[in-house]
Each structure stands twice: as C-alpha cells, then as structure tokens.
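Chemist: Go by the hints and put chain D onto chain Z.
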Amino acid sequence: MNAFLMLLTLKTVSAAGEIQQKILTIGVVPQFSPRELQQRWQPILHQLQHETGYEFTLLASSNIPEFEKKFETGIFDFAYMNPYHLIVANRAQGYQPLLRDHARALFGIIVVKQGSKIDDILDLSDKIVAFPAPNALGAALIPRTEFATKFNISIQEKYVKSHSSVYLNVALGSTDAGGGVMRTFNAQPAHIKNKLKIIYETTRVAPHPLVVHPRVDNSVKMGVLQAFIAMDKTEEGRSLLDKIPIKQVGHATIEDYKNLLDMELEAFYVR
Amino acid sequence: MSLQKKIVYPFLFILAFLMGGAHFVLLPWAIEEQLEERLISERRQLSLLAVALEPDIISLDLATIHLTLKELENNVPEWQHIMLTNNESIMLYPVELEQNVFAAIDDTSPVLLQNLYFDDTVIGYLKVKLNFSNVIRKIEERFIFIEILLFIIIGSVGLLNYLIQRFFVSKPLEALARSTRRISQGDYTQQYLQVKTRKDEIGDFVTAFNRMAVRLEKREKQLTEAAKQAEAASLAKSQFLAAMSHEIRTPLTGILGMADLLINSNLDMEQSSWASNIRGSGRILLTILNEILDQSKLEANKFELNPVEVDIIDFIKAIEQLYKPQAQEKGLTFQIHIARGLPSLVLLDDIRLQQILTNLLNNAVKFTEKGGITLTIGYSEVPFGKQETEIIHDKGRERQQKQQIFLSFSLKDTGVGIDESLLDHIFQPFSQADNSISRRYGGTGLGLSITYQLIALMGGDIQIKSELEKGTEITFGIITTVLSSVSQEERAQRIEQNNKQNLLPQNQLSDWQSKSSLVILVVDDVEVNRRLIQAIFKKLGHMVETAVDGYEAVQKCKEKTYDLILMDIRMPVMDGVEATSKIRALEKEKNKAQRQQTSHMTPIVAITADLDKHQIAKYLDAGFDQIATKPIDYNSLFSLVNNALSEDVLILHRNPVGEIDELGTVDSVLQAPQANQFDQMLEEVAGLLREGHVAETTQIEPELIDSLGDEVLLQEMEEHFNKMYAESCLYIKNRLSVLETEEKQDVRERVISELHMTFHSLKGNCKSFGHELAAELATRIDQYLKSVESYRDVNVKILHNASRLLNFLNDNKIIRAYSTAGKKILTFVKIFENQKL
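Those protein sequence lines, which keep their order, are chains Z and D. To convert, note that position 146 of the first sequence is 146 in this note's numbering; the numbers rise steadily by one, no gaps. To convert, note that position 682 of the second sequence is 682 in this note's numbering; the numbers rise steadily by one, no gaps.
Bear in mind the hints are in silico, worked out from the structure with no lab data behind them. Do not rely on the hints blindly, as some may be mistaken.
No more than 27 Å apart at the CA atoms, straight line, and that leaves these computed lysine-lysine pairs for DSSO-like [what the hints assert, rightly or not]:
hint	chain 1	residue 1	chain 2	residue 2
1	Z	158	Z	117
2	Z	161	D	127
3	D	127	Z	158
4	Z	193	D	127
5	D	470	D	370
6	D	70	Z	197
7	D	70	Z	113
8	D	127	Z	113
9	Z	158	D	70
10	D	723	D	733
11	Z	161	D	70
12	Z	193	D	70
13	D	556	D	618
Everything numeric in this text was worked out from a predicted model, so none of it was measured.
Same shape as in the complex, but just chain Z:
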C-alpha cells in the first residue's frame, strides 16, 4: 500500500512537474555572439527535447553583467557558465553543477618574450603584465589571485582587451609578460608563438559546468544528464558537444570546484 502510495505520489509529482516545467530555460555565458551561441546550442537543445520530452528555450544575455544578473536572480533552470560564476551562482541561488567536461582542466599561463631575463614569477614583481580583461578566469583572475596570495608580488596590470593583444604585447616587448590560456596560446600564429616562452601554469580547476537550479526536479535533472551522456556516445552528438565545447561528458558535483572556492577569487573580481 505504502509502495503503491509512493508510486502514486511519485507519479503525481512527476505529473505535476511535467505540467509545471513544461518549458525549461537555459542560459549560456556570452562568450560568443548571441547569434553564434544560438547556432551552437540550438541543435543540442533540440536533441535534449527529443531525448527527454521536455521543452527547452535558450535565454540570451547581451553581456556578462546581464548574464550574471540573470543567474543571480535565478531565471535560468539550466545554465552553462565559468567556474567562478558557479561559485557566485551557488552562493546566490544554490545552483548545482550537473555535468562538466571530464577531458580538460582549466588553468592560466604566464608568457614572457623569448630571450627575456624573466624566468620566474618572482621576477615579475613591479613589472607590466598584460591581461585580456580583469575577470578572465584562467588568463587573469586566477593568475592575479595567485600573484597576490600565493607569490605575494605586486604587478602593474595592463588590460589589453584580448588574448591576441596579450601575446602581441609580450612578443613585441610592449609589456614584460602576459596572461593567457593554453587554448588561445596554441591558436596564435607560429611567428608569434616562437617569440613567446611560458614560464608558469596556474592551479588547475574543473572547467565550465552545466548548472541546474535547485527547483528543477531530480528526474528532469537526471533525464538531462542521461540525454547528454547519450549524446556523448553517438557520433552525431559528439560533434554537437564539441561546439560547446565539451570533450567528454561527465557528472559534476560542487566538490569538483572545491579548490576554486578556496582561492577567494571574489576579492580580485572586478565589478
């Protein structure tokens, strides 16, 4: 009887959940233009809908502050964001990571000009260091935090708007060093890469997670997770996931981001 009730309740809840959460909202950090985001994400949402039977809609944000405001107010049911945002979102709305890329780790690099006398982070003291932007997680936020907290040096920060600018400034000698990530470094043309030397890699953290709002039913959460895992297993799905980019879908917990939480990045986050 009890089991029957349980089953009934479950069914009722689920039915109610189905009705309530008929349309699920997804937010994506505006790392690309809204149009490009749409192109990358819409096929995935379509696939999710097909797998789970739920309806998904992509809520666009024109810039990072708008995105931050939206997840802080809990508008998104699901959201794809950087690890620092996860910390903020978790604290504000209790968003939990659902899945992440298990193939990669997120870390920053410090480059200097090839042939430069600077070999160590400590040499960077009072030197001009170029960063794309103050809050860029791998390229600026983590290094800056580590410079201050881990190495106790102060530097002159120069925000040069893009990763490419960072590498150019370092390569041409306009700045003494620069912060970047491995992916953008590798994307540089050879004649620039050849002029650069990586002297430091920051602490590695888990990469961008897909977070879920606590109000979303567990079954929905599981359904979405299962759908991603299923996608990861088909060739068609893999090509869709590469665009996010996620190389290998895996379950994520808040525990995965523990070291990030310990870093106290917020002190260095520029608002």
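Modeler: Using the frame of chain Z, we list chain D on its own:
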C-alpha cells in the same frame, strides 16, 4: 618620290610627333601631377588613421591595431608597408620587419611619417611606405590607350587621305601614264576613258588627253596611209623598172648577138668599126639596164646573193688584169697590196664583189688624173655584233667548223676627191640624191648606191674619206666564210700559173672549131634570138633547126631525134620547162618501146634571160641538162654545151703566133701606107678594143722573169718602165708639135736628133720589157732615121704616124701580137719596112 609618298609621309611625321610628344612629355607630366595629388591624399588618410589608432595604442590593443593595419596593407595597394612604434621606440607593428624596407626612397615609393598623440603627448609614430607603381601603371595604361586611339585616328585619316589620293589622283595618273606609253608605241586602243565623267582637274586632264590621243591616232593613220601609198608607188616604180629592163634586155640581147655575128662576117674595116660601135654601145646599155635591175631588186628586197667557192687571189688578179692597163693608160700607177696569210679559198658572191670593185675602180680611174690607185686587201676577225647575226642566220644549216673572216678592201686614189657636202649622199640612189652628181659625171648614178647595198647585203659596211684635189679613200669589208687557207708558196705558184693562163687571149668565135657536126634544135619565140643562135652554130658547121615555142619543139621531137636542143624558158603557148618535161616523157616512152638497154636522152640546154637561183632546181627537175644565161656569151655557152653532150664537141682552135701572114694579104702589105689607110687601121683596132677584145697586156719576156726571179723587184722595174714609156710617148708627141711650128732648120734638126735618141732608147727598153709592138715600131723608126743622110731629109709625117701609133699602143695597153688587134698593128708596122720609109 611618288605623289602618294609625298602625301603619306607628312601624316606619318605628324603621327610620330604627336605620339612622341604624348609619350615623352605629357605622360611624365601627368604622372608627376598625379603623384603629388596622391601624396596629399595619402597624407590626409594617414593622419586620420593615426587618430583612429590612438585609443588602441593607449589601451595597447595590439590585436585590433594589427587587424586594422594588416587590413590596410592587404587592401590598399599603395600602402606597401606600415610601421607603428610607440614613444619608447618599441615597434608595435608589424611583428617582424624586413630590413631596409623604408630605406629606398624615390618618387614612386615615398615614405610618410605621422605622429600619434594623446593629450599633446606623442605616444607613437606611424610610418608608411607608399608604392605608386600601380598608380603610374594605371596612368601609363591610360596614356597608351590614348596613344593607340591617336594612332588609329590619325592613321585612319592618313590612310583615308592616301586612298582618296590613290583612287582619285594616282591611279588615274598611272593609267594615263600607261596609256601614254601605249600610244607612244602606236597602240591607240588603250585610250584612257575611265574617268571621263569625273568632274575634277584629273577628269579635265583625261578628257583633254583622250582628245589628243584621238587626234594623234588620226594623224598617225594619215601618215601611215601616206607612207603606204609612197611605198606602193615606189614598189610600183621598181616593178615597172624591172619589167622595163627585162623587156629591153630581150631585144638588146638580139642586137648584141647580131652585132657579134656581123663583126665576124666579112666586113670592110669601116663596116667592122660601125658594127663594133653597135656592140660597144649595146654593152654599155646592157650595163645600165643591169644596174637599174639590180637597184629595183635591192629596193624590193628581192636581191639574193649567190655565194660560191672563190679563190680570192685569182679573183684579185683578175681585177688587176682589168684595171691595171686602164690606169696605166692614163699614166697612173696601180698597186695591189695583199695582206700576208690571207686565206685564199672563201665563200662569196664573186660576181657581186666584182661588181662592187668595178664600180669603185671605174670611178677611181675616171676621176684620177695623176698619181695612182692603190687597192689593199686585208682581213680581220668578224666584228662581234656582225658575227652574232651571222651565227643566228646560220642556224639550221649544217654547222661545220667554218671560220668567218672580215675581208676588207681599201681603195685609195689621188684623184679630184669629193666635196664634203656630197659625201653624205654619195651612196644614196639617184632618186634621192643631188642629181647634179650624175649630171656632172655621167652614168646612172646608181653604181655607188648598188655598191653600198651590196656590201650591206654581204654583212659589211663602207666608209669614204675624201679631200678635194687630194684624193679619196674608200674602205669596205664583207663577211666571208673561209673554206681553206693556202700557204704562201702555194699562192705564189698559183699567181704564176695565173699569169700564164692570162697570157691566153680572149677567144673569138673564129677561134672555135667543131669536132663533129650536130643536128641542133633552137627553140625561142624571139626571132632575133633564134637567128643569132642559129648563125653561131651554123658558122661552126652544125645543122640548125628552129621552133617558135615549146609546142612546136615537142612536135618536132616526135618526128626527129636531135643531138642537142637549145631551149628558151619564157615562151607563149608552151614554155621551156613544160616542153622539156614533155620531151623527156616522150623519150621515156620511145626507149621503152624500143627496149633499149641504154636510154637515149637528148641534151637540152636552157637559155634564159633571168636566172633565179630558186628556179635552177626546178629547171633541172624538168630535165634540162645545163642552163645558160642571156645575153649569150658563146665561150660559156660552148662549154655548157660540151658539158651537156658529155663530150668536147666544140673545141678551141687558135692560130699559132707567127702565122700573121695568113691574116693580111700580100696585096694589102704591098700597098703604100696612105694616111687614110693608117687612120683606118687605127680606127679598126680601136673598134676591136671597144668591142671588148682584150689586147695582150703582159709585157715581160719569160726569160726576164727567170733571170730576175724576184717578183717585187720585177714589179718595181715594170712600173718604172711604164712611167718611162708613157713619158717617152708624151715627149715624142710634144717634140713633133714643136716641129709643126718651128721654121729654123737647125732647131728642127736638133729636135729630130732628140727624137731619134728617144726612139733608139725606147727600142731597147721595150724589147727588154716585152713590148713587142712598140719595140718593133721603135726599131723601124730608128732604122729609118739612121738611113737618112741628113735629118733635114726626114719625112715628118712618118714620125707623126709613128707617134700616133705609139700613143695608141700606150693608151690601149697593146703590147703583143697575139690578138686580132695586135696582129693588125704588127702587119701595119711591117709595111713600114717594106716601103723602106
């Protein structure tokens, strides 16, 4: 330079000038202008770029800067290189820079500099290397396009001009030039009619030209017509002359023949002299007729040469024989020089060459009063041009390796000479020349014209040089073919033989005898001719029958067989050729009927007045055995008859020297030499000479030739003697004329003694030089003058007669007593002795 070129060249010059100007002046100017403008505009753009880049410099957004500048470098072709440095001289763009990129600075690639500011502080420098080669290229391309356009426009204007000029001016002019050439060559069918309707200057010109051509054509037609008429008239005249000459010749033949017979009949001296005159005049008339006939044939281009094998030495010797006496008679020297190595046997028309030389020599002798005549015969290679034509002429005939030579004759006299003004006309026929010549000198005036034309026919030419009162030199040459060259010795031998042969006097009818009596048929339509031939053969003891035409002759042959037939060619009813073929056919039948092994053919000799060499073959085909020509020369006729008979039936019989008494009867010798008898005798002898009896002219005794042996020396001596002889004759005559008027006895005696001495020396000289008659006469007179006691008693009349006779002998070159004339004189001289004068 042609008109077309004159028009096209300025166009080409203008074109070249304009294109050169555009390319070498306008183009650089335009480029400079354009570059200046572009530089200003590039500078403006650079300053704008600087302003745009300033924020990115400040924010060090190199990625954006790189993007922008790379974009500029890639898309603005003029901006070849851009360099951006900050105020610390750190290069911000590009990442790497080739060395010296900004170093080379010239017009086409200037470098611009621009400072970048932030609040009046220089924060960087922008350096741009521009490249205007594209700009320049574009301008150049545009210019080339313009130049091509210019070329096409001016070129087409020029071409159009050329074509217009060519079509409207040059072509009509060329066509006109062609027409003019054709018209000048006499072709009037090519009038230039094409642009008649064109109403421009050329059209007017063409119209005028055509009008002129039409008039020219008309005029030329008139002229041609006139010339044709004149030619036809001249031809008609020539034909008339030829016909007339022929017609006159036939009766003349009769006259001459009859005169011959008359002379050989029993006539007294007076009658004989008249007959001789008839014959002499007839011969002169015949010569004139022959000249007219020759001239007519030459004018009508119907004259044909008949070259035969001639021994040139013999030929010249014969000429000498004819003229030396004539010259000497006038007291002139006559010399012949023959070039060494002269080929003796040549191919030439000897009759015509003799005619030429006769004409010239007659004149030389006629017009020379003192001095002498020299004939030089030489030879040389045939002049190039003449040989050419001769070879072409020779084509088709058998071409043996016959050498041709140019035989030249040079006749020099010391006569009266010819006025320079007449020299040009001298070789023209009487019809065109100044007839005062013929009026002055007698004759037909055709001789030299014929001579000239004959020489031309023989492939040679004639030149005449003359000076009044000094003499004349005539040189001419003819082309002959050498048949064989004879050595000097052979020639000498031949000359000797010739001399001996020429000792033989010309034969008289009475010199001929017949071995047997023949039955002869004489066929001629002209009675005189029949009678003449009949008389000749009857005199020689033959039976002669006559027929008036070919038909009668054939009829007679049917009835009777003759030993010989003498047949005229041109006869009415049936001519000689037809009659002969009929007679031959008759004989064939007869022979067949009698089945004789050896066929009998009656010898038939043609006798014709006009022998054309083309007809000889025809006559021989018809069956004639021999062909004789009129007027009848019985010497040649008899030898032809002998040939036809294949037997010498008619033979020469001569009275041996010494049998003189047979001629003069004892009675006549005993008669006293009366004055009239003396005169009669001289008249008789003169008549004989006029008739053409040749008296002996060789004066040298055979012994003398042998003893001297040297011909040249002999000749010199002979000439010396002749001079002396002539002088003696004249001297005697002069001395006697002195006696006529001189009364003083002692003077008369002295003159006679001088005459005696002269006769005495003449006696010896004449004997040594073989002057038989003169020697005889001189001997008699010498004896007579010796016999008288005193020169006072001398009968001057005898001396007068002796002088007359001596001069007569000298004038007529009578030397020896072989001929009739000589015999007569010798007889007369012997009377002197008998009468013991």
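Chemist: Determine for every hint whether it applies to the structure shown.
Modeler: Status of each hint after checking the structure:
1. Z:158 x Z:117: Holds, because 20 Å separates the two Cα atoms, which is no more than 27 Å.
2. Z:161 x D:127: Given pair residue 161 of chain Z, residue 127 of chain D holds - Cα atoms ~25 Å apart, limit 27 Å.
3. D:127 x Z:158: Cα-Cα ~26 Å, so holds.
4. Z:193 x D:127: Since the Cα atoms of residue 193 of chain Z and residue 127 of chain D sit roughly 26 Å apart, the hinted pair holds (cutoff 27 Å).
5. D:470 x D:370: It holds: about 10 Å lies between the C-alpha atoms, which stays within 27 Å.
6. D:70 x Z:197: Distance of about 25 Å is within 27 Å: holds.
7. D:70 x Z:113: Judged against 27 Å, a Cα distance of about 22 Å means the pair holds.
8. D:127 x Z:113: Judged against 27 Å, a Cα distance of about 25 Å means the pair holds.
9. Z:158 x D:70: Measuring from Cα to Cα gives roughly 24 Å; hence the hint holds.
10. D:723 x D:733: The hint holds at about 15 Å.
11. Z:161 x D:70: Answer holds: residue 161 of chain Z to residue 70 of chain D is near 19 Å, not above 27 Å.
12. Z:193 x D:70: Holds, because 18 Å separates the two Cα atoms, which is no more than 27 Å.
13. D:556 x D:618: 24 Å, holds
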